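**Q** Those protein sequences? They're chains A and B, same order as listed.
Residue numbers for the first sequence follow this note's numbering, beginning at 173 and rising by one.
Residue numbers for the second sequence follow this note's numbering, beginning at 558 and rising by one.
If you are wondering where the hints come from, they were derived from the structure by calculation, not from laboratory data.
Since the model is a prediction, treat every value here as computed from it, not as a measurement.
All residues carry an ideal CB built from backbone N, CA and C; glycine is no exception.
Don't take each hint at face value.
[Said to hold, decoys possible] Not close to chain B: a few residues of chain A, all C-beta gaps over 12 angstroms, as computed:
{"hint": "1", "residue": "G175"}
{"hint": "2", "residue": "T185"}
{"hint": "3", "residue": "T202"}
{"hint": "4", "residue": "L215"}
{"hint": "5", "residue": "Q256"}
[Claimed, not checked] Straight line, CA to CA, 30 angstroms or less: simulated DSSO-like cross-link-like pairs of lysine-lysine:
{"hint": "6", "chain 1": "A", "residue 1": "K229", "chain 2": "A", "residue 2": "K187"}
{"hint": "7", "chain 1": "A", "residue 1": "K229", "chain 2": "B", "residue 2": "K634"}
{"hint": "8", "chain 1": "A", "residue 1": "K229", "chain 2": "A", "residue 2": "K183"}
{"hint": "9", "chain 1": "B", "residue 1": "K613", "chain 2": "A", "residue 2": "K183"}
{"hint": "10", "chain 1": "B", "residue 1": "K613", "chain 2": "B", "residue 2": "K634"}
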Amino acid sequence: GAGVSQSPSNKVTEKGKDVELRCDPISGHTALYWYRQSLGQGLEFLIYFQGNSAPDKSGLPSDRFSAERTGGSVSTLTIQRTQQEDSAVYLCASSLGNAFTDTQYFGPGTRLTVL
Amino acid sequence: GNSVTQMEGPVTLSEEAFLTINCTYTATGYPSLFWYVQYPGEGLQLLLKATKADDKGSNKGFEATYRKETTSFHLEKGSVQVSDSAVYFCALSGFNQFYFGTGTSLTVIP
Chain A
173 GAGVSQSPSN KVTEKGKDVE LRCDPISGHT ALYWYRQSLG QGLEFLIYFQ
223 GNSAPDKSGL PSDRFSAERT GGSVSTLTIQ RTQQEDSAVY LCASSLGNAF
273 TDTQYFGPGT RLTVL
Chain B
558 GNSVTQMEGP VTLSEEAFLT INCTYTATGY PSLFWYVQYP GEGLQLLLKA
608 TKADDKGSNK GFEATYRKET TSFHLEKGSV QVSDSAVYFC ALSGFNQFYF
658 GTGTSLTVIP
């Protein structure tokens with residue numbers, strides 16, 4: 173069956189521009205997660221959704237980052253006024269139910285390069 | 558705060574050697590613990606998990622035991638294969654957050 177998909181797979185942008193990253197979770201999965209993986213770093217947790225609700229947004233690196241999820245399905249991560257330090261691979265994952273014990277299924281990621 | 562520390566890589570082993578990748582954690586409460594694996598050219602996938610103290614997670618010959626007394630979740634395999642070459646990530650779930658280690662790269666040579 174279809175896994176988690178993310179688009180675009182690669183995004184190159186200029187410093188100061190806004191970007192929008194999209195995640196399509198596995199159908200029926202209620203929890204959705206966003207992570208960032210910078211070169212040589214582990215995965216940095218950004219935010220998760222249970223349904224359309226994000227209980228805790230404190231993992232977002234700055235107020236330039238925002239995320240939303242609509243219809244309990246697709247999610248978008250928006251980065252405003254991008255900076256070079258935002259360059260990373262942004263990973264999305266989804267899980268069937270309980271966000272803290274269920275298996276997360278990861279997408280292939282979006283590689284963001286800010287020039 | 559919560560955190561995960563795993564052994565630095567890269568690790569290179571010969572086929573059929575014994576593997577241990579150390580993982581220790583700091584957490585409040587009772588987190589769930591996970592090992593995820595990323596094979597070359599593929600996305601992250603769950604390898605095994607344990608949701609409470611003394612639980613043992615196992616999959617594909619890999620095992621890890623949730624040790625609360627030593628705050629550890631070391632990954633072991635008795636006999637590695639070339640196909641086990643990958644990057645392994647230890648992770649824990651905290652309150653509304655998830656924490657991943659920096660990953661340990663394993664290369665198994667024939």
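**Q** Failing hints, ascending?
**A** 1, 4, 7 and 9
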